[in-house]
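Protein chains in written order, with the working numbering: chain A, 256 to 470; chain B, 256 to 470; chain C, 256 to 470.
Since the hints were derived computationally from the structure, they do not count as laboratory data.
Hints may be right or wrong, so weigh each one.
It does not matter which identical chain is used: a pair holds within one copy or between any two.
As the list claims (entries may be wrong) - Simulated pairs of lysine-lysine, DSSO-like, Cα-Cα distance not exceeding 27 Å: (1) Lys373 <-> Lys388; (2) Lys433 <-> Lys399; (3) Lys373 <-> Lys307; (4) Lys307 <-> Lys460; (5) Lys328 <-> Lys399; (6) Lys307 <-> Lys388; (7) Lys460 <-> Lys306.
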Amino acid sequence: MKNSFFSRFAPKETKFFPLLKQLSEIVLSASELLMESLKHESPEERSEYYKKIKDVERQGDQLTNRIFEELGKTFITPFDREDIHDLASSTDDIIDCINSAAKRIAIYNPRSISDSGKELAVLIHEGAVHICKAMDELETFSKKPASLRECCLQLHQIENHADDVYELFITRLFREEKDCIEILKTKEIMQCLEKTTDAAEHVGKVLKSLIVKYA
Amino acid sequence: MKNSFFSRFAPKETKFFPLLKQLSEIVLSASELLMESLKHESPEERSEYYKKIKDVERQGDQLTNRIFEELGKTFITPFDREDIHDLASSTDDIIDCINSAAKRIAIYNPRSISDSGKELAVLIHEGAVHICKAMDELETFSKKPASLRECCLQLHQIENHADDVYELFITRLFREEKDCIEILKTKEIMQCLEKTTDAAEHVGKVLKSLIVKYA
Amino acid sequence: MKNSFFSRFAPKETKFFPLLKQLSEIVLSASELLMESLKHESPEERSEYYKKIKDVERQGDQLTNRIFEELGKTFITPFDREDIHDLASSTDDIIDCINSAAKRIAIYNPRSISDSGKELAVLIHEGAVHICKAMDELETFSKKPASLRECCLQLHQIENHADDVYELFITRLFREEKDCIEILKTKEIMQCLEKTTDAAEHVGKVLKSLIVKYA
Chain A
256 MKNSFFSRFA PKETKFFPLL KQLSEIVLSA SELLMESLKH ESPEERSEYY
306 KKIKDVERQG DQLTNRIFEE LGKTFITPFD REDIHDLASS TDDIIDCINS
356 AAKRIAIYNP RSISDSGKEL AVLIHEGAVH ICKAMDELET FSKKPASLRE
406 CCLQLHQIEN HADDVYELFI TRLFREEKDC IEILKTKEIM QCLEKTTDAA
456 EHVGKVLKSL IVKYA
Chain B
256 MKNSFFSRFA PKETKFFPLL KQLSEIVLSA SELLMESLKH ESPEERSEYY
306 KKIKDVERQG DQLTNRIFEE LGKTFITPFD REDIHDLASS TDDIIDCINS
356 AAKRIAIYNP RSISDSGKEL AVLIHEGAVH ICKAMDELET FSKKPASLRE
406 CCLQLHQIEN HADDVYELFI TRLFREEKDC IEILKTKEIM QCLEKTTDAA
456 EHVGKVLKSL IVKYA
Chain C
256 MKNSFFSRFA PKETKFFPLL KQLSEIVLSA SELLMESLKH ESPEERSEYY
306 KKIKDVERQG DQLTNRIFEE LGKTFITPFD REDIHDLASS TDDIIDCINS
356 AAKRIAIYNP RSISDSGKEL AVLIHEGAVH ICKAMDELET FSKKPASLRE
406 CCLQLHQIEN HADDVYELFI TRLFREEKDC IEILKTKEIM QCLEKTTDAA
456 EHVGKVLKSL IVKYA
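If we strip away everything but chain A, and leave its shape as in the complex, we get (with noise of 0.2 Å):
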């Protein structure tokens, strides 16, 4: 995907959907690294999967500026701009929130990390899943938008099944843990990744709005 001559002046399907695919992928990564990092309880054990993360967010970030970059020198998107740089920059709010997260358990050194806590880490993954292949279908979802639609609909239950998650874990949280300083950990945590959920829906939210235009 080097910008040479010929990519500049490529026909306009062909830009941008490896690029957001690519991305779609380091949120996968992210979303891996989080989900095995809640297997370890050592903080040195914890503090290697935070670098490692750190580091995939470094490439998200660098991808999407690249996505950013393209969009201001091409003159025929597939989309309108807009809409790729509001899928671009909302499918990178997904690893900033993974990031924050790790950042958090990282630094913050809690007791453990509750089954509810783990149970969040997997949604965030089978969210990413649904987003990878969200991208493969931008393509061709103009003429067959089921696929595409589906993934939306994933992603909007697989936030509300976080949502319920965190009220339910944090309910009993206030009700149980007497321990303020652990109770201040544990919820900013919690919310941290039930955050993750909501960018995930969100990426859905502006798939959807491509549907409605372009299909």
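Chain A is already provided as a structure; the job is to place chains B and C on it using the hints.
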């Protein structure tokens, strides 16, 4: 407002105003439920109110998506497309903020809601009333902007007032309350309430930009 | 800069640059006040500084609105309308972040401000200096982008540095401090300070996108 053949080709002035008005009425309902809920002390009653507010929040979400869909399909809009988008999305943000506040009250279950908390809920409700009025002005403000301008001013003053109530309360809270968990709960609930008045003021800013552009 | 007949038809280059420069000078004032305020320990002195910062924040708000109004009225802008909008609003965000940090310091009244907190304030001030420099480049960077590019790089490095300071501090805080209320106060104040350097880096990103588009 079914999107019939007729409504799709209706003259540009008639399409979005009733939808935006409807959205502002959802803000009003949510703010009434919030104000009402703060009169109850038991966790069961509070979670009943939270359920109702959650339902209203979903209605707001659906209506906002509906407005975005209509924007995607309509060629001639009464204002620039992004102005209607900003107005709908910033109005929906108020509902989300009210929902966040109600959620925290339900799942944190604080000892009690302070008078300052109740005062903020009243200010949020006042803001909602002004936003409803503002939506009635959308069709006519380009000729007579005075009433719309007054709504914006009120939203600004309500936010300033809420800010003072919030700051005074938190200063006292940290001076007097010694139970850390209670501080944690109360501070976050109050932050949510105060942020709701910010969100309402933000709608005022969007409206002011409409006056600059179209009046 | 009254919007007289003459200024409305002034050549496109002259209108927005001095306004943006002025806004960056407000960022600089706010950052100086913040840095200064952290040298004082008494609640009374701190709230004096907060009052001053609040005033400066309002000036920033008014100037930003003024820029938005000018954008609504001007036909030919030196960059795309949304670029100027993004630049003004992201610059104003820094002022809001400084105000939030000062507000929390005033109303939480923590035992003391750590050296790391003071270091973050110095980094915020350095960022402000680079943003002021950057605004001087707006008129000429399309021919000579090197200085503007350097500003963006500096803002990025300052954010990275601030992130390290923040993470190290919070890790230690949770390891060493046992007073939960003090943790709560300190953590949130430090988050606000760190976020301010994010906001400054964000201005850097907006500037970089200008280089891509116009240089």
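Each hint tested on the structure:
no.	hint	in the structure
1	Lys373 <-> Lys388	within (23 Å within a copy, 47 Å between copies)
2	Lys433 <-> Lys399	neither (54 Å within a copy, 58 Å between copies)
3	Lys373 <-> Lys307	within (19 Å within a copy, 30 Å between copies)
4	Lys307 <-> Lys460	between (29 Å within a copy, 24 Å between copies)
5	Lys328 <-> Lys399	between (30 Å within a copy, 19 Å between copies)
6	Lys307 <-> Lys388	within (24 Å within a copy, 35 Å between copies)
7	Lys460 <-> Lys306	between (31 Å within a copy, 23 Å between copies)
Hint compliance for this structure: hint 2 alone is broken.
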